[in-house]
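Peer 1: Here's the letter readout for the chains.
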Amino acid sequence: MVKNRAISKTATLAILVVAVLLVVGGIAAYYMTAAGPQAPTVKRIKETLIIGTTDSVQTTLDPAEAYDYLGVNIIQNMGEGLFAYEPSTTRIVNRLAESYTISSDRKVWEIKIRTDAKFQDGSPLTAQDVVWSWERTMKLNQDPAFLIADLIEKAEAVDRNTVRVHLKEPFEETYVKALLSTWVAFPVNPKTSPMEVVKPPKTLDMIGPYKLQEWRPGEHIVLVANPNYYGEKPKTPTVIIRFYKDPQSLRLAVERGEIDVAFRTLSPADLKDLLNNPKLQVVSGPGIAPIRYMVFNVNKEPFNNKLVRQAIAYLVDRNAIVNTVFMGRFAQPLYSMVPIGFLGHKDSFKEIYGDRPNVERATALLRQAGFSETNKLKMELWYTPIRYTPAEGDIAAILKQNLEASGMIEVELKSADWATYRTLFREEKIAVWLLGWFPDFLDPDNYVRPFYHSKANGWLHVNYANPDVDRLIDQQILLPTNDRVRALGMIQDKVAEDAPIIPLWQEGQYAIAQPNVKGIVLDTSQIFRYYLIYAELS
Amino acid sequence: MSTRTSTRGSGTEIVGPKGAYLTTRLRTLGEHRSLTAGLLILAAVVFLALAGENLTPFDPTRSFVSVGDRAYSIPPLLPPGSTVKLEGQVELLFVLGTDHLGRDVLSRIVSGARFVLTVALVATAISAAIGVTLGLLSGYLGGALDRAVSLVMDSMYAFPGLVLAIAVAALLGTGILNMATAIAVVYIPSYYRMVRSAVLSLKSLPFVDALRVMGMDTPSILFRHIAPNALYSIIAVLPVNFADAVITEAALSFLGLGISPPTPDWGYDLNTGRRYFLSGHWWIGAFPGMMIVLTVLGFLLVGEGLGERFNPRRLIRR
Amino acid sequence: MGLRDYVVKRTLLMIPMVFVLLTIVFVLLRALPGDPVTMLEGKDIPEEVLARRRAELGLDQPLHVQYLNYIASVLRGDLGYTALERIPVAEYIAMRLPATVELALAASLLSIMIGVALGVLASFYKTKTTLPVVKVYSSVTFAIPVFYLGLVLQATLGVGAGLFPTGGRLSALNEVELSPRPTGFVILDALLAGKPWIVVDFLYHLALPSLTLGIYLSSVFARVTYLTLAEVTSQDYFTAGRSRGLTKVMLVWRYGVRNAMIPLVTMAGLQVAALLGGAVLTETVFNWPGIGYLVYEGILKRDYALVQGAVTIYAIIVAVVNLVVDVVYAYIDPRIRY
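Chains as they are written, first to last, in this note's numbering: chain G, 1 to 538; chain P, 539 to 856; chain U, 857 to 1194.
One should not assume that every hint holds.
Below, computed lysine to any residue pairings styled on SDA-like, alpha-carbon distance capped at 25 angstroms [stated by the list, open to error]:
1) G:K272 / P:F602
2) G:K272 / G:T524
3) U:K1051 / G:T238
4) G:K414 / P:T656
5) G:K202 / U:K865
6) G:K272 / U:G1018
7) G:K199 / U:K1051
8) G:K235 / G:E214
9) U:K865 / U:G1040
10) G:K235 / G:D121
11) G:K199 / U:M1117
12) G:K139 / G:Y230
13) U:K865 / U:I1172
14) U:K865 / P:R731
15) G:K199 / U:G933
16) G:K139 / G:K168
17) G:K429 / G:Y293
Distance ranges between label pairs, derived from CB positions [as the list claims (entries may be wrong)]:
18) P:A589 / U:V996: 46 to 54 angstroms
19) U:N925 / G:P302: 28 to 36 angstroms
20) U:N925 / G:K429: 28 to 36 angstroms
21) U:V1180 / P:T574: 35 to 43 angstroms
22) U:V957 / G:E47: 29 to 37 angstroms
23) G:N228 / U:A928: 41 to 49 angstroms
24) U:L924 / G:E196: 24 to 32 angstroms
25) U:N925 / G:K154: 54 to 62 angstroms
26) U:Y923 / P:D747: 26 to 34 angstroms
27) G:L16 / U:A928: 56 to 64 angstroms
Examples of chain P residues toward chain G, derived with CB under 7 angstroms [as the list claims (entries may be wrong)]:
28) G619
29) P800
30) T801
31) W820
FYI, nobody ran anything at the bench for these hints, they're computed from the structure.
Note that CB positions come from ideal geometry on N, CA and C, so glycine has one too.
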């Protein structure tokens, strides 16, 4: 019996010692590995930057097909087009294009390509490559293909470095450059790009500051500096984009220093908290992705009656949404489908309906439409919980309250996941629903045509057709700038009066970063340029 | 004096015949303790569910208060115990604070009871009805039917319940009945198994042969004689499954597959609370969470107490 | 029958079980409104594009053909392509499955350790109130929703005390350093890559999620252990042993724990379902890159292939674990082999 005791004592002691060693070693290893690479402290900049996000690549990294925010953004860091937005401005500058001339009828452009640009495999960029890439995009005919398919009639390589583009219409100069700077127009290497969509975890050979090193779907994407890029090298050689499943995990990660930057999307409550955290910096920028709005299917009773739509426009309380859900600072009320900061933006809805709910006018209109306290308008308001903000249900609840404040409306809130939701409005099974819009390119046309032009708004099933508005939309892209602004103003006034769509708010962009991170630029282009960001080591 | 030992209950070692009586006493007291405690908790929760709407100081789905003919919007994210002064000496007290939209947390908890209990009740009823019926038929009739149904049931039983519930909930959508059905699917196999094994042991008893000899037909034997005895076996399990149903409902709402807002629901509020937890607004999620725990505990305790009393083995050996 | 016959019989029974499950899931998912193709973000998608994608996924065939195709492809090991990430389902699951397995193993281990430890402790300090205390522990840990428990642990030990990381499986740098991943299991991969310190980082990340699941599952083990031990310690042979000078520890081990193994093993087997279900919630709270969360996401986004594939794997795992449990059970207790 005594022997047993002695053995167990030694054993216990041994176990204790091992445990202590393990714990100490573990803590050390944890801090070592979590705090960054064991690089020699000669370098001033961190070798690897870690960016956390709750987005994921929902399509692919093939520029002919990518159509979600993150996918497009990563392509914007791996590739480049003829033109691009200059960081921190709304100017479009030449990138792969050296110069261009426009014919007098404005239908033919001759664009000279840079001679020093090379693909990742070292082969130089030629005009034929550009034309081939565009043809590939149009042939594959995926979702974003329309961006250049609707623009270009024909493109040919006049010589090794000149592309001649025949446009479908004499479009306005900035409009053309905006479209040509979208990712679908990025040249890809014909030698290595197949004539079919490239699936994960691969991408194509493009010309840009980074190239793809690894993509583990659902976990991370690793980008490394492209040695063959003609332009300025990226500030940080390696960038890891790490995926998080929800805003809380993202917040915790940036708070604990597990990542350098958190971008898209933290909840407003967390943002507010982090603004007060002296150990982190918050960078903000104008936000237009997405803008949020309410849609009516104007073929459905009683929303075919303009008075009803206008009454609802009088009742919605944008400030309530902005002040509660977005804590009063992370979103702005939106009074037109053309966002604040865009050419031609006009607060038409505010001018007509005011910026505060007007219950008297609303009830007067409803009465005119035949409703009353005893004969209430019964309606369903649909929303989809996951796609936009996690607070979608709350927003719907606020809107319900707004409408019921009239005393003449009864709102039933309904939701469906995105797949079903899309089916529901595409099959015209619902009458009123909430939606959001990410721009394809940064031009006010992308905010009026897809919604209000009877030939382009079919996807939305709003069924709105106003020939005056159609005409104005067709005209405005062909007009010189001042006239264009006027035309856009007229469009916004008309559609505010008809109110088939009620714009609600636009959200700002926010990046949270460790204090030693520099170079974050959040501008109207909505492009998050990894190649400008770096973290200083002390 | 012989040593008395107790193989169940409080496991107390008592010595002596006097001790023997004490053992029995303590054992029944032990059952009673959990049963009583459980019933008390449940009574409180059920009371909340039934009387809920009349007890809530505020409307759980509205973030404004009407006093006279004016509407005042309630500030969001007020901590527990906050008061808000309105004009005209009216003071509002928010015992448990307000949530992120300015709705009273206490009211939401109280109203949530009704929804949660309803869903759990309907779910348990559905699953018990289907499971018991299938178990009776399958156990008594035997043969290929029994083997086939058992196979399906065993497969479902082995399967992670939550995943099954998620699939069905996604298929059916939101609403009390839909959620209840999704949850019910998960528990059918357990009722089936228990009833079936009870039926198997019952049908080999002599009284069944006697009834058959007397000329009674199968349905009567099954439903009038076997079933009531078999049902004893599930009595103790019902509350436990009910408790489980409450948790599953909370989990579904937590994942966003449950109710449509602004219906108050504990699981949903727990999910909301999670978003605000890190920014220090702990009360939005903490209180609904506690209610879930409390309700489930209540059912578990009742189940325990009943379990002692209605153990099928004890009954048959009687 | 002999052990070998029993194993064969149980293995054969496993197969129809898996098929039944597959059928159930297939039926459930095909009846959903909406399909993966409408998940795309494009606006005016021409019908031919939609049709092309549907054909890709085999969704344009009549239902019974789809079913047969599916069964055939499962037998081949081909689970289709995910609509989400456009990679083969089998590959995607293979990538994420090890994480769930790691979590499940750690949680099971912890739950048994906690449960048994508590049960043993309680049986040592046995008083009138120990059984109620054990029962209370068991009930409370069962009653607390696993995601609530996870949030509490995350807030207290993770954020508040800063002892453990609050999410993920490895720090971002280590994740990258470990690629490529030959086995998918962090411990093996780290050792193979010659970077053993990564294992420590992994264990730190594993601590909270496995603790959450472990506590949640320990309720059953605590109770079972305690009851068995309580019974054992009140038997005559126990007192006899004590009187002969054997320590409580030895007796408890020789008689108590080994007797308790039978119900413990059974429980462990039954807990697999609870484990996998609880994994979905735990993975959500702790951002653990496993299968559980994939199932949920897949269902929401109508990714048939992914959900069916994940469920198939679940079914197989559950069936296999049940088989193992039954065999172990039969091995321990020869009376069981009928």
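Peer 1: Hinted pair, alpha-carbon criterion (25 angstroms max): K429 (chain G), Y293 (chain G). Please report holds or violated.
Peer 2: 19 angstroms, holds
Peer 1: So if I understand the rule, the pair passes when the alpha-carbon distance is 25 angstroms or less; does K865 (chain U) with R731 (chain P) pass?
Peer 2: It holds: about 21 angstroms lies between the C-alpha atoms, which stays within 25 angstroms.
Peer 1: That 41 to 49 angstroms hint for N228 (chain G) and A928 (chain U) (C-beta), does it hold up?
Peer 2: 46 angstroms, holds
Peer 1: Could one say that the CB atoms of L924 (chain U) and E196 (chain G) fall in the range 24 to 32 angstroms?
Peer 2: 28 angstroms Cβ-Cβ, so the 24 to 32 angstroms window holds.
Peer 1: Is it true that the CA of K202 (chain G) sits at most 25 angstroms from the CA of K865 (chain U)?
Peer 2: Cα-Cα ~46 angstroms, so violated.
Peer 1: Taken at face value, is the distance from the CA of T238 (chain G) to the CA of K1051 (chain U) at most 25 angstroms?
Peer 2: 21 angstroms, holds
Peer 1: Does the structure keep K139 (chain G) and Y230 (chain G) at a Cα separation of 25 angstroms or less?
Peer 2: Judged against 25 angstroms, a Cα distance of about 29 angstroms means the pair is violated.
Peer 1: Against chain G, with CB atoms and a cut of 7 angstroms, does the hint on W820 (chain P) hold up?
Peer 2: Given a least distance of 12 angstroms, the restraint on W820 (chain P) is violated.
Peer 1: Look at the Cβ atoms of Y923 (chain U) and D747 (chain P) and judge whether their distance stays inside 26 to 34 angstroms.
Peer 2: At 45 angstroms between Cβs, range violated.
Peer 1: Please test the hint of 28 to 36 angstroms on the beta carbon pair from N925 (chain U) and P302 (chain G).
Peer 2: 47 angstroms, violated
Peer 1: Given the proposed pairing of K199 (chain G) with G933 (chain U), does the C-alpha separation stay at or below 25 angstroms?
Peer 2: 21 angstroms, holds
Peer 1: Quick check: does the Cβ-Cβ distance between A589 (chain P) and V996 (chain U) fall within 46 to 54 angstroms?
Peer 2: 27 angstroms, violated
Hints 5, 7, 9, 11, 12, 18, 19, 25, 26, 28, 30, 31 from the earlier list are contradicted by this structure; the remaining hints agree with it.
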